[in-house]
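K.L.:
Use these hints to put chain B onto chain A, whose structure you have.
There are 2 protein chains.
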Amino acid sequence: MAEKMKKISNHVINCNAGPARVPYDVLRKAQEELIYYENTGISVMEMSHRSPEFDNIIRTAEKLLREIMTIPDNYRVLFVHGGGTAQFASIPLNLCPEYKGCKVNYAITGTWSEKAAKEAEKYCHVCRVTPKLDKFTSIPDVDTWKIDPDGKYLFYTDNETIAGVEYQYQVKPFSDTMPVAIDMTSNFLSRPIDVSNYGVIIAGTQKNAGIAGLAIVIVRDDLLGKPMSICPTILDYTILNKMNSLYNTPPCYPIYMTRIYLQWIKDQGGLEVMGDRSDQRARLIYDTVDQSNGFYYNGVNPNCRSRMNAVFRIGGQKGDEQLEKQFIQECKERKIIGVKGHRLVGGIRVSMFNAMPVEDAKFISDFMIEFMELNRK
Amino acid sequence: MAEKMKKISNHVINCNAGPARVPYDVLRKAQEELIYYENTGISVMEMSHRSPEFDNIIRTAEKLLREIMTIPDNYRVLFVHGGGTAQFASIPLNLCPEYKGCKVNYAITGTWSEKAAKEAEKYCHVCRVTPKLDKFTSIPDVDTWKIDPDGKYLFYTDNETIAGVEYQYQVKPFSDTMPVAIDMTSNFLSRPIDVSNYGVIIAGTQKNAGIAGLAIVIVRDDLLGKPMSICPTILDYTILNKMNSLYNTPPCYPIYMTRIYLQWIKDQGGLEVMGDRSDQRARLIYDTVDQSNGFYYNGVNPNCRSRMNAVFRIGGQKGDEQLEKQFIQECKERKIIGVKGHRLVGGIRVSMFNAMPVEDAKFISDFMIEFMELNRK
Numbered sequence: 001m002a003e004k005m006k007k008i009s010n011h012v013i014n015c016n017a018g019p020a021r022v023p024y025d026v027l028r029k030a031q032e033e034l035i036y037y038e039n040t041g042i043s044v045m046e047m048s049h050r051s052p053e054f055d056n057i058i059r060t061a062e063k064l065l066r067e068i069m070t071i072p073d074n075y076r077v078l079f080v081h082g083g084g085t086a087q088f089a090s091i092p093l094n095l096c097p098e099y100k101g102c103k104v105n106y107a108i109t110g111t112w113s114e115k116a117a118k119e120a121e122k123y124c125h126v127c128r129v130t131p132k133l134d135k136f137t138s139i140p141d142v143d144t145w146k147i148d149p150d151g152k153y154l155f156y157t158d159n160e161t162i163a164g165v166e167y168q169y170q171v172k173p174f175s176d177t178m179p180v181a182i183d184m185t186s187n188f189l190s191r192p193i194d195v196s197n198y199g200v201i202i203a204g205t206q207k208n209a210g211i212a213g214l215a216i217v218i219v220r221d222d223l224l225g226k227p228m229s230i231c232p233t234i235l236d237y238t239i240l241n242k243m244n245s246l247y248n249t250p251p252c253y254p255i256y257m258t259r260i261y262l263q264w265i266k267d268q269g270g271l272e273v274m275g276d277r278s279d280q281r282a283r284l285i286y287d288t289v290d291q292s293n294g295f296y297y298n299g300v301n302p303n304c305r306s307r308m309n310a311v312f313r314i315g316g317q318k319g320d321e322q323l324e325k326q327f328i329q330e331c332k333e334r335k336i337i338g339v340k341g342h343r344l345v346g347g348i349r350v351s352m353f354n355a356m357p358v359e360d361a362k363f364i365s366d367f368m369i370e371f372m373e374l375n376r377k
Numbered sequence: 001m002a003e004k005m006k007k008i009s010n011h012v013i014n015c016n017a018g019p020a021r022v023p024y025d026v027l028r029k030a031q032e033e034l035i036y037y038e039n040t041g042i043s044v045m046e047m048s049h050r051s052p053e054f055d056n057i058i059r060t061a062e063k064l065l066r067e068i069m070t071i072p073d074n075y076r077v078l079f080v081h082g083g084g085t086a087q088f089a090s091i092p093l094n095l096c097p098e099y100k101g102c103k104v105n106y107a108i109t110g111t112w113s114e115k116a117a118k119e120a121e122k123y124c125h126v127c128r129v130t131p132k133l134d135k136f137t138s139i140p141d142v143d144t145w146k147i148d149p150d151g152k153y154l155f156y157t158d159n160e161t162i163a164g165v166e167y168q169y170q171v172k173p174f175s176d177t178m179p180v181a182i183d184m185t186s187n188f189l190s191r192p193i194d195v196s197n198y199g200v201i202i203a204g205t206q207k208n209a210g211i212a213g214l215a216i217v218i219v220r221d222d223l224l225g226k227p228m229s230i231c232p233t234i235l236d237y238t239i240l241n242k243m244n245s246l247y248n249t250p251p252c253y254p255i256y257m258t259r260i261y262l263q264w265i266k267d268q269g270g271l272e273v274m275g276d277r278s279d280q281r282a283r284l285i286y287d288t289v290d291q292s293n294g295f296y297y298n299g300v301n302p303n304c305r306s307r308m309n310a311v312f313r314i315g316g317q318k319g320d321e322q323l324e325k326q327f328i329q330e331c332k333e334r335k336i337i338g339v340k341g342h343r344l345v346g347g348i349r350v351s352m353f354n355a356m357p358v359e360d361a362k363f364i365s366d367f368m369i370e371f372m373e374l375n376r377k
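Same order as they appear, the protein sequences are chains A and B. Counting along the first sequence from 1, when you hit position 160 you're at 160 in the UniProt record's numbering, and nothing is skipped either side. Counting along the second sequence from 1, when you hit position 9 you're at 9 in the UniProt record's numbering, and nothing is skipped either side.
Distance condition first, Cα-Cα at most 30 Å in a straight line; then the derived BS3-like pairs of lysine-lysine: (1) A:K122 to B:K118; (2) B:K325 to A:K242; (3) B:K332 to B:K7.
According to the in silico footprint, chain A covers these stretches of chain B (three or more CB under 8 Å from chain A): (4) 20-29; (5) 76-87; (6) 212-220; (7) 233-242; (8) 248-258.
In case anyone wonders, no lab produced these hints; they're calculated from the structure. We treat Cβ as the ideally placed atom computed from N, Cα and C, and that holds for glycine.
Bound-form chain A, shown alone (with noise of 0.2 Å):
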């Protein structure tokens, strides 16, 4: 058993929240041509973002995108500044006309989707549609949300990374004239989905899909023309559709870094193939989670757990911290990282993006059987 204990993994197993792990292929592509892009003679860092090599970076991303998820035509594809906390203020500017003259619905599941509701009062008239819960570990059923029938929209984040809490399903809308919006962010290309089931999605792209400081907004068309008259031109979807998301200089480097996180996704077989291997890396984890008879706890209800953040405390559902302690520290020891939990709600957290193989994920259900093993009073 010592000897097995002291299996290290032979590359760091990047288990971060986000900014997360990139594919080493992607990592490699990057490095490879980072001083010289293909024959221009200079970095993509030092491009253009009007030029014909830079164009053809950004229109190859957006159709990569288009082909991954199927995007129907009448959706815009719009590359832009910031990320989630960017857009939680874009939704309501985009689409409320009206300062403070309109309702909005927010599900509200976790930390994430609270933060964009506070972030929406600032502008429209927030209902909260779902009951105040004491804490995030499942989902209240749809049928119970109170959603107010005039709301320009309503809003949901499919993936809540600190109580890791997940929609297992896609949140039909209200009705005709009220579209869903809804914040991949952490769960963006992580499994197929059905664009035209919403009206706005936008996805940060740090944690499935690229690196830090671009969001993806994916609009239907007939939603644009009509921002608030405050909205910051930085945020406003109609201008940044009219040039392309070129209006002023893109984040061009990330840009760079998700038009090639998107080619390997389809070399890898797309959506189906990575929502399988999410399905894999959760399983794995909440196997152990579930067979270790309470030493491992995880309260989230089943039907909405997180395949991209498994949130356990250990030695009880309160946990034991001198252990959780313990268990980072050789986590590290194994090259394990990123695996404490969010300062909100304490114990461990593993974080299992598109770039992690399945071979990581038993990697380290396997270290959790033995430290249970070894630890167990």
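P.N.:
Here is chain B on its own, set in the frame of chain A:
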């Protein structure tokens, strides 16, 4: 002469107006440690923004900037998403507490300052202090500016990249209660300045200090704490300052690139050296223009010619488009790229930021002389 005309640069001379050339040594370092940063076993792109390693990167960037610019202690340094365009909204949203309740002063000396004023009009009453100009070829004397004494601030753009106009002095604050807000996006870190002259300095990093997707804000601390209620969190200096630029995931890789770039500036000798080089580069080009007997034409008042962007026509004041096309083509053959003038003004634009060695400006000026000798009618 034909022999001389065939002289080809041994590398691409990148005159892009932004994103722009990055020093080779900076790119080389980024390439070397792209996959594995120091002894972490992961890339900077994969690091948590809350990790000690990234904290060291962003704090070192700040420390270097404070040292290079001699930033007084009562100024805060923020690393923010977006670029100048985002900051055009941020400035009024942070310096004016009341929506549509404040007056602000803008000096209009080109396309960028006009864009900044237009954005501010969403939130404030904008007073354009300069007379309406037909062409942006001079900077109206500050004594003639019609500044509204109740204005919350006085804004100007230090360098206008399209017309090639640059202030060669620092505009002093109008009064103790009206700070100067300055956009230094296109001449940031290109010469020593007295930071204490300004209330707010904004600069996108993609020209003189890094790559696209990041802006730096230097703000006097007494100006914090009074944002407009409608200010999106992502643009809120007070929140960003409170969280040391880590309220949300920042553009980590662009921050890392700026950190290396700043080290390069320091190693080269700091802003005195950057200033000397920019003067030398500019002199090489403008002297060639001035000694061309009208073959090259730059209409900007010599007291405000941009050191960063030399804008000129070929074949007389109105420009001979055929000759300009030929010039651009022959530049390309000599590996001089990015010299086509902005579509709003036409002609030629030679952009020369921190990363361009003086020898490259000499190479361009030599070519300009040879081109003139062969093509003068």
